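Here the structure of chain A is known, so what remains is to put chain B in place on it, guided by the hints.
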Amino acid sequence: MVKKIYFQLIFLSFFFIKEAFAAESGGMPQLNPEFWVSQIFWLILTFGIMYLVLSKLILPKISNNLESRKSQILENIEAAEKQREDSDTKLKEYDEIISKSKLEANSIFNQAKEKALKDIGAKREVLEKQIDNEIAEAEKEIDALRKNAPDKINKIAIETSSELLQKLIGTEVNNSSISAIVDDLSKRNGDKYYGN
Amino acid sequence: MAANPMSQFDVYRIGPEIKVGAFDISFTNASLFMILSTVSILLVFNLGSKKNSILPNKIQLLAELSYTFVSKMISDTAGSKAKPYFAFIFSLFMFVLFCNMFGMIPYTFTVTSHIIVTFVLAAFIFIGVTVIGFIKHGFGYLKLFVPSGVPAVLLPLIVVIEIISYLSRPISLSVRLFANMMAGHTMMKVFGGFVISLGIVGGWLPLSFSVALTGLEILVAFLQAYVFAILTCIYLNDALNLHH
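Top line first, the protein sequences correspond to chains A and B. The letter at position 163 of the first sequence is residue 163 when you use the working numbering, and the numbering goes up by one with no holes. Just remember that the working numbering sits 1000 ahead of the position in the second sequence, which is counted from 1.
Here chain A stands alone, though its shape is the one from the complex (with noise of 0.2 Å):
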């Protein structure tokens, strides 16, 4: 669209350069020779100085800068990509030595634990036994008092009775005979007294 509104004014224009030429005649200066030579002159002359100049000294500067510019960028990625490398080394490292050292932690825990309830075991054994000896012996005496406790008190139930009969009668009494009597009362009542 736009491209054919411009060649339409182009060919207006055409238009009004020939009624330019019809006013004034001067044609077109493009097709006076009188300066071509000149202007091939100069074209060539100030062309070629630029040719030179930019092909010799100002594009290989151009060309060395984005080099170095590309090289230096790559350098430098690669030089983070290392860092980054050894970053992430030195951090599984680091991970590595913390969980060696929570797991030494975690045994070192255990053992004392275990040491511990080792120590608790063998003394509480150690207790165990003593107070198993102690109560052995308690119930050693106990059956040991119990048993002597109805022949103490026959004794002395007939030592009372006798001296009981002797104050009462004023005889001498014959002590088996007491005795025959109180082991025969025990016996009957034993179970009354001492209850087992």
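Hints may contain errors.
[What the hints assert, rightly or not] Pairs of lysine-lysine residues, derived as BS3-like cross-links and limited to a Cα-Cα distance of at most 27 Å, are as follows:
hint	chain 1	residue 1	chain 2	residue 2
1	B	Lys1072	A	Lys61
2	A	Lys102	A	Lys118
3	B	Lys1083	A	Lys70
[Said to hold, decoys possible] If you only want the chain A side, here are some residues facing chain B, beta carbon under 8 Å, derived:
hint	residue
4	Phe41
5	Ile58
6	Leu59
7	Ser179
Simulated from the structure, these hints should not be mistaken for lab results. Every value quoted in this text rests on a predicted model; they were computed, and no experiment measured them. Backbone N, C-alpha and C define an ideal beta-carbon position, used for all residues, glycine too.
Positioned in the frame of chain A, the structure of chain B alone reads:
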């Protein structure tokens, strides 16, 4: 002078007449703008390549972007074999671009609006490309005129057409640039004249056209330089990589 839209293309002598033998090589306004263009190109690119900082400043960025732009254009169209001709195509592109752009400044002279300038450039490219083609391929370069896959009956006709199209390359290349620049500048001048002749009442329409045309002409100035350079690349590609 101002009334004629063609008078802006007048070449006139600046200073004395210089003659070498029968040839008049006087310094003219065309020479002045050629020197201005080349000197500004050298200035810009010299400034742009002086310091090599990792973070380029504006002018260095400009120089480097131009460099990569042209180098990409060449490698895209003509391949890696065209690398030795990079400097020439770069100079060509920059020269045409700067001449075109200088022409966009009011009261300046457009070097590339003269057929003789564009024709010398195009003829040099044509001869150079032909010589390169014959050096690289010998007489095998003539195979360029015989496209593959053409029926034998049509071959004589096709070969003639190919030869004519090849020989018309310098003409089409030079006329394209010259005609674009001349037409654009003439048109701007004509519309500028309308603004004056139609006065304050009717002058606004051609004025707005002129404003739009200025933008268009700046685009054309860049585009024609690009087209000139890329066609050179394409011709060079034909000479370097014969693939007919």
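Hint-by-hint comparison with the structure:
no.: 1; hint: B:Lys1072 - A:Lys61; result: holds, 18 Å
no.: 2; hint: A:Lys102 - A:Lys118; result: holds, 24 Å
no.: 3; hint: B:Lys1083 - A:Lys70; result: holds, 19 Å
no.: 4; hint: Phe41; result: holds, 4 Å
no.: 5; hint: Ile58; result: holds, 5 Å
no.: 6; hint: Leu59; result: holds, 5 Å
no.: 7; hint: Ser179; result: violated, 129 Å
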